[in-house]
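J.: What follows is the residue order along each chain.
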Amino acid sequence: MKRLTFTFLFVALLLASCAPTSTPAPVEPQTVTVVTHDSFAIGEETIKAFEMENNAKVVFLQGGDAGSLLNQAILTKDAPLADVLFGVDNTFLSRALEADIFEPYQSPALADIPDEFKLDPSNRALPVDYGDVCLNYDKKYFSDNNLAVPQSFEDLAKPEYKDLLVVENPATSSPGLAFLLATRAHFGDGYLDYWKSLKENGVVVVDGWETAYYTNFSASSGKGPQPMVVSYASSPAAEVFFASEPMEESPTASIAAEGMCFRQIEFVGVFKNGKNKPLAQKFVDFTLSRKFQEDMPLNMFVYPVNQKAQLPEVFVKYADVVQSPASISADEIAANRDRWIEAWSETMK
Amino acid sequence: MQYQVLSRRDAETRRKSFLRVFAPPRLTRVLVWLPPLLFLLYFFFYPLTKILSLTFTPAAFTNPGNLSVALNALLFTFYQAALSTILTFLLGLPSAVLFSRFDFRGKSLLRALTAVPFMLPTVVVAAAFNAIFGERGLFLFLSSSIANRQIPFILHPSPFILILMAHVFYNATIVIRIVGNALSRLDPKLEQAARCLGADAFRVWQNVTLPLLRPSLIAAALLVFMFDFTSFGVILLLGGSKFSTLEVEIYVRALKLPNLPLAAMLSVVQLVFTLIFSVLYTRFVNQVATQTAPRFSVSRPPQSLREKAFVIAISLSLIIFFLLPLLSLPLRSLTRLEADRGQRGEIQYGFTADYYKELFINRRGSLFYVPPIEAAKNSLGYAGATVLLALALGYPAAYALAKPTRLEQFLDPLIMLPLGASAVMLGLGFLLSFGRALALPWFVPIAHTLIALPFVIRTLQPALASIPERLRQAAAALGASPFRVWMTVDFPILSRATLSAATFAFTVSLGEFGATLLLNRPEYPTIPIAIQRFLSQPGGLNFGQAMAMATLLMVLTMLSILLIERTRLSDAV
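Sequences listed follow chains A and B, in order.
The numbering of the first sequence is this note's numbering, which starts it at 1 and goes up by one.
The numbering of the second sequence is this note's numbering, which starts it at 1001 and goes up by one.
These are computed hints drawn from the structure, not numbers from a lab.
One should not assume that every hint holds.
[To be verified] Below, simulated DSS-like cross-link-like pairs (lysine-lysine); rule was C-alpha separation at most 25 Å, straight line:
1) A:277 - A:48
2) B:1377 - A:199
3) A:349 - A:57
4) A:275 - A:158
5) A:158 - A:139
6) A:317 - A:282
7) B:1357 - B:1050
8) B:1256 - A:349
9) B:1189 - A:57
10) A:77 - B:1256
11) A:57 - A:317
12) B:1308 - B:1189
13) A:349 - A:77
14) B:1050 - A:272
15) B:1357 - B:1377
16) A:139 - A:118
17) A:275 - B:1357
18) A:77 - B:1189
19) A:196 - B:1242
20) B:1242 - A:199
21) A:349 - B:1189
22) A:118 - A:158
23) A:139 - A:275
24) A:118 - A:349
25) A:291 - A:77
26) A:57 - A:282
27) A:277 - A:118
28) A:48 - A:349
[As the list claims (entries may be wrong)] Beyond 10 Å from chain A on every Cβ pair, some chain B residues (computed):
29) 1111
30) 1200
31) 1252
32) 1257
33) 1259
34) 1268
35) 1555
The beta carbon of each residue, even a glycine, is placed where N, CA and C say it ideally should be.
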């Protein structure tokens, strides 16, 4: 028994010490490892196409939500667990660039991506998808009650909209943070006073998007008490796409008024100290290619950044286009996000 | 249990002579300790030191902002743990009296029922409580169809009450076991003598029973308190991040609002407290063990009306409290209460097997689809590996601890330490220490073994210690060969404890999700991860599938527990 234990331990230690340095045989397919957040999803066929084309194997590792993903990546930047990171967004971008975890990569696919998405001029982080966080409302509730749809942040604090809005906690939810940032962009330092007035007007705060949308929102299957929710501009399209019976019109719509939406852009990057850089760069090219970009919308309900990618029909028909989202620079967000969130938490206590 | 018939003095002289004659020489002792210690050093202390040395600065203690966060977290942790412990005793003490003093029909079944939750995975317990009390639970749906959303408080408790209830649900069995066993070992003659001398029932309780029970009461309280103190999954899943216990605050500061020095400081605070509790616990639990007195049969059927009322009242509350969550989960997994997706047409409410059927379909051709059979296979494989590893490491340690010397007194509390380390910080330490090797599948059983090891050692140790040398000597004197002695004396006792320990390791591994919280490889999903994934996706269909998956996990766990109860758990936890 004892000897067995020793042997086992010895083998375990041996394995642990040599595993990270073992190199795959040349005939074997090469492996590219991608870390991403838990909400990442993509079609099996799409990844297979990449693997066939490059005699490669793609291994995904999921490391919690976008925030914990990035923190783990920064902590392990000297010996990263993967070759590619998919899913750092513009609210975290500066932190990733400051920590210098990515290597610049001038992907040829960047040619098809508009400049407005390229927030990192040195192309260490390459834009891969985007989505707009907007208020969604229950069309039926507003028409039944002859209520006008609010067209500004100020409207939401008016008495006719008392107890009608549910939002997510910015400390625990990324759409929640996006909405907070939109109000910060609009009100400047006065945003806390605005939130005080929202609080007095009965705004409901929940921990995550699922609860807000599927439990509190009146137009979702949960048939909750609030007819307005912080969600995405693509959510009305998702309502139609997931409906069990075909429907002509989405039961919800988003409020795309000027400055009321916040644009989240997600980035992909090749780790500076990763191992298989050529293959990692090929994978980045692939994520920016039409095939991948066209498969993203219905898997993650985000928009492609590649202008050549075709949108699925439900997106064209039912998702609202946001013309002028709130603007606030990635540097400003990075410098202040924790302070803003903590001040918000104090105010809403 | 004839072999336990030893008076206290007997036990002591036995131990002394045993030590003199049979205690292994120092070298063997060191060799015995080597495997478990090396394992702990390499997979626990090394990663923990690595992350703490990178992030911890003593200066963190002098920052007033940090101090106030730490103080608040510490106060709330103590508050909820103390409240949970008190509530656990309110239910556990009468139950301990019930099980040790009275005989009634279905007693062993009821006792087994109270033991089930302790081994259920956090995800399942949280899902079960949500299935009854949650926003999408049975109670709210039932009551909202009758009343006009005026829901009585008891049907819709606040998250904090839910957390406390889950803690009681988990830990009542500890009180029942430790205190119950001590109660049934009290010599009834002591109480009878006191009554003869004119003491009333209260004085007997105060002057005789209570002092004798004190070590077991304190040991039970410490253990319950320690589990509540470091509770993480229950709090996060039932309450959310606004309930900032130390463990939750570490998670938030390490990953959500990154402030690693603060997270490191908080985990040092938590480790220090865990160490204090472990030292105290091992001290008191050893007192309980040395009190191993004759096992009197003091239980009898209830006679007076008061006794009958007591038995009925306590059994009924136990049945309601323990059976309701356990039943609600399978029930909820078979009931459709809301739309599957965003559908708006008529919903077919009522019983359905759809959630189970849907588990086997990959609707969107998604790469991250988890086939349930696959998840079950992975879970079982990891659990099997964990059992082997934990037993291989636990046996030597338990063997050494059975005959404690000064060395063991020092090492004993250290073994409990992995229970009190923050899963998040340890996970980050793993990331730093082992890098890409972490993605290898065999790392999962290693992480699970860290958590299972304390349970395995605590189960094996009393069994190993309980084998009196006299039995062996008697067998040998009657002409048995050494092998025969081992087969007829050691093996029957050890096989039972080994099976218990193995089942502990097995269920710990089946339900563990903290260690996999940081890094999981979608290719090798386990059942808890599958549940988590379904819960994080919108819609009634996903919720139903999570419940179905949780039911599968519960059934697997219960089957393992049935194995344990058939062979009876060893006395100490």
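J.: If a hint holds in the structure, say so; if it doesn't, say that too.
T.: Each hint, compared with the structure:
1. A:277 - A:48: holds, 20 Å
2. B:1377 - A:199: violated, 49 Å
3. A:349 - A:57: violated, 49 Å
4. A:275 - A:158: Violated: residue 275 (chain A) and residue 158 (chain A) sit about 56 Å apart, past 25 Å.
5. A:158 - A:139: holds, 19 Å
6. A:317 - A:282: violated, 33 Å
7. B:1357 - B:1050: violated, 46 Å
8. B:1256 - A:349: holds, 19 Å
9. B:1189 - A:57: violated, 74 Å
10. A:77 - B:1256: holds, 18 Å
11. A:57 - A:317: With a Cα-Cα distance of about 37 Å, the restraint between residue 57 (chain A) and residue 317 (chain A) is violated, given a limit of 25 Å.
12. B:1308 - B:1189: holds, 24 Å
13. A:349 - A:77: violated, 37 Å
14. B:1050 - A:272: OK: residue 1050 (chain B) and residue 272 (chain A) at ~22 Å, within 25 Å.
15. B:1357 - B:1377: holds, 18 Å
16. A:139 - A:118: violated, 35 Å
17. A:275 - B:1357: Violated, because 42 Å separates the two Cα atoms, which is more than 25 Å.
18. A:77 - B:1189: This hinted pair is violated, its Cα atoms lying about 69 Å apart.
19. A:196 - B:1242: Satisfied, since the Cα-Cα distance of roughly 19 Å is no more than 25 Å.
20. B:1242 - A:199: holds, 18 Å
21. A:349 - B:1189: With a Cα-Cα distance of about 59 Å, the restraint between residue 349 (chain A) and residue 1189 (chain B) is violated, given a limit of 25 Å.
22. A:118 - A:158: violated, 38 Å
23. A:139 - A:275: Given that 25 Å is the threshold and the Cα spacing comes to 52 Å, the pair is violated.
24. A:118 - A:349: Cα-Cα ~37 Å, so violated.
25. A:291 - A:77: violated, 30 Å
26. A:57 - A:282: holds, 12 Å
27. A:277 - A:118: Within the cut-off at roughly 21 Å; holds.
28. A:48 - A:349: violated, 49 Å
29. 1111: At roughly 33 Å from the nearest Cβ of chain A, residue 1111 (chain B) sits farther out than 10 Å, so the non-interface label holds.
30. 1200: With a cut-off of 10 Å, residue 1200 (chain B) remains clear of chain A, as the shortest Cβ separation is near 52 Å.
31. 1252: violated, 8 Å
32. 1257: Label violated. Min Cβ-Cβ 5 Å, cutoff 10 Å.
33. 1259: violated, 8 Å
34. 1268: holds, 18 Å
35. 1555: holds, 26 Å
Of the hints listed earlier, those the structure fails to meet are numbers 2, 3, 4, 6, 7, 9, 11, 13, 16, 17, 18, 21, 22, 23, 24, 25, 28, 31, 32 and 33, in rising order.
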